[in-house]
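K.L.:
Note that the protein sequences, when read in sequence, are chains U and V.
Under our numbering, the first residue of the first sequence is numbered 11, with each subsequent residue one higher.
Under our numbering, the first residue of the second sequence is numbered 483, with each subsequent residue one higher.
Simulated from the structure, these hints should not be mistaken for laboratory data.
From the three backbone atoms N, C-alpha and C, an ideal C-beta is built for every residue, glycine too.
Incorrect hints may have been included.
Claimed, not checked - Pair by pair, the computed Cβ-Cβ distance ranges are:
1) V/Lys583 <-> U/Ser92: 33 to 43 Å
2) U/Ser92 <-> V/Tyr536: 36 to 46 Å
3) V/Thr542 <-> U/Glu89: 17 to 27 Å
4) U/Gly50 <-> V/Lys555: 14 to 24 Å
5) V/Lys485 <-> U/Pro71: 27 to 37 Å
6) U/Pro106 <-> V/Pro522: 27 to 37 Å
7) U/Met98 <-> V/Asp508: 41 to 51 Å
8) U/Ile87 <-> V/Asp508: 30 to 40 Å
9) V/Gln565 <-> U/Glu66: 35 to 45 Å
10) U/Met37 <-> V/Pro596: 16 to 26 Å
11) V/Pro596 <-> U/Ser92: 38 to 48 Å
12) U/Ser90 <-> V/Thr487: 44 to 54 Å
13) V/Phe529 <-> U/Gly73: 24 to 34 Å
Said to hold, decoys possible - Which chain V residues stay away from chain U? Per the calculated CB distances, all over 12 Å, these:
14) Gln521
15) Gly534
16) Ala553
17) Gln565
18) Ser569
19) Asp581
20) Lys588
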Amino acid sequence: DVKVTQSSRYLVKRTGEKVFLECVQDMDHENMFWYRQDPGLGLRLIYFSYDVKMKEKGDIPEGYSVSREKKERFSLILESASTNQTSMYLCASSQPQVRQFFGPGTRLTVL
Amino acid sequence: AQKITQTQPGMFVQEKEAVTLDCTYDTSDPSYGLFWYKQPSSGEMIFLIYQGSYDQQNATEGRYSLNFQKARKSANLVISASQLGDSAMYFCAMRLNRDDKIIFGKGTRLHILP
């Protein structure tokens, strides 16, 4: 069964902390994506990666960075968490031109 | 710029009735794909159905069908014989085939009433 896993379902951090959200897929997919989901705004793309060590900015990259050192793992980094980054974060992966598979999501609260 | 519009923030439907969730899209690219995902309260995103821009027939998957009207740029999801388990958030999405980015609409929250 195909799987995208995220390191935490719920996370609480303090303002200013460095936060790592990890995503792992076991499908050998080329593409990986990070979205944030907020009520009334749908899913917005933060960053995506077409290959190892490659990354491209999505629609809302400010305040975030990413790392893809291995094909199966895509990390989202909040260098200095702020309260406006409280959100649900969804990771997805796909092969080119095929639908995305999503992880279960991480609900991040920044106090 | 590409855009997906879902005009119904919320809907209430009686169980066993058919449901139509609206979706319109905007792109000048000729080659694209349209998706619908379901998100129950658990948060997982469940893929429902896909329609390619060159597909001649409307896509169907069990109780789900996609009413694709290319000239109107609409891709409405139709759920036949709704069930209580259909209560969820539904997202329409579009992917341009020149890259693999997917743009999502803001979603429609569907409530099925017993």
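K.L.:
Hint by hint, say whether it matches the structure.
P.N.:
Evaluation of the provided hints:
no., hint, result
1, V/Lys583 <-> U/Ser92: 33 to 43 Å, "25 Å, violated"
2, U/Ser92 <-> V/Tyr536: 36 to 46 Å, "44 Å, holds"
3, V/Thr542 <-> U/Glu89: 17 to 27 Å, "46 Å, violated"
4, U/Gly50 <-> V/Lys555: 14 to 24 Å, "23 Å, holds"
5, V/Lys485 <-> U/Pro71: 27 to 37 Å, "19 Å, violated"
6, U/Pro106 <-> V/Pro522: 27 to 37 Å, "28 Å, holds"
7, U/Met98 <-> V/Asp508: 41 to 51 Å, "26 Å, violated"
8, U/Ile87 <-> V/Asp508: 30 to 40 Å, "33 Å, holds"
9, V/Gln565 <-> U/Glu66: 35 to 45 Å, "40 Å, holds"
10, U/Met37 <-> V/Pro596: 16 to 26 Å, "38 Å, violated"
11, V/Pro596 <-> U/Ser92: 38 to 48 Å, "43 Å, holds"
12, U/Ser90 <-> V/Thr487: 44 to 54 Å, "35 Å, violated"
13, V/Phe529 <-> U/Gly73: 24 to 34 Å, "29 Å, holds"
14, Gln521, "8 Å, violated"
15, Gly534, "10 Å, violated"
16, Ala553, "24 Å, holds"
17, Gln565, "22 Å, holds"
18, Ser569, "17 Å, holds"
19, Asp581, "9 Å, violated"
20, Lys588, "4 Å, violated"
Hint compliance for this structure: hints 1, 3, 5, 7, 10, 12, 14, 15, 19, 20 are not met, and every other hint is.
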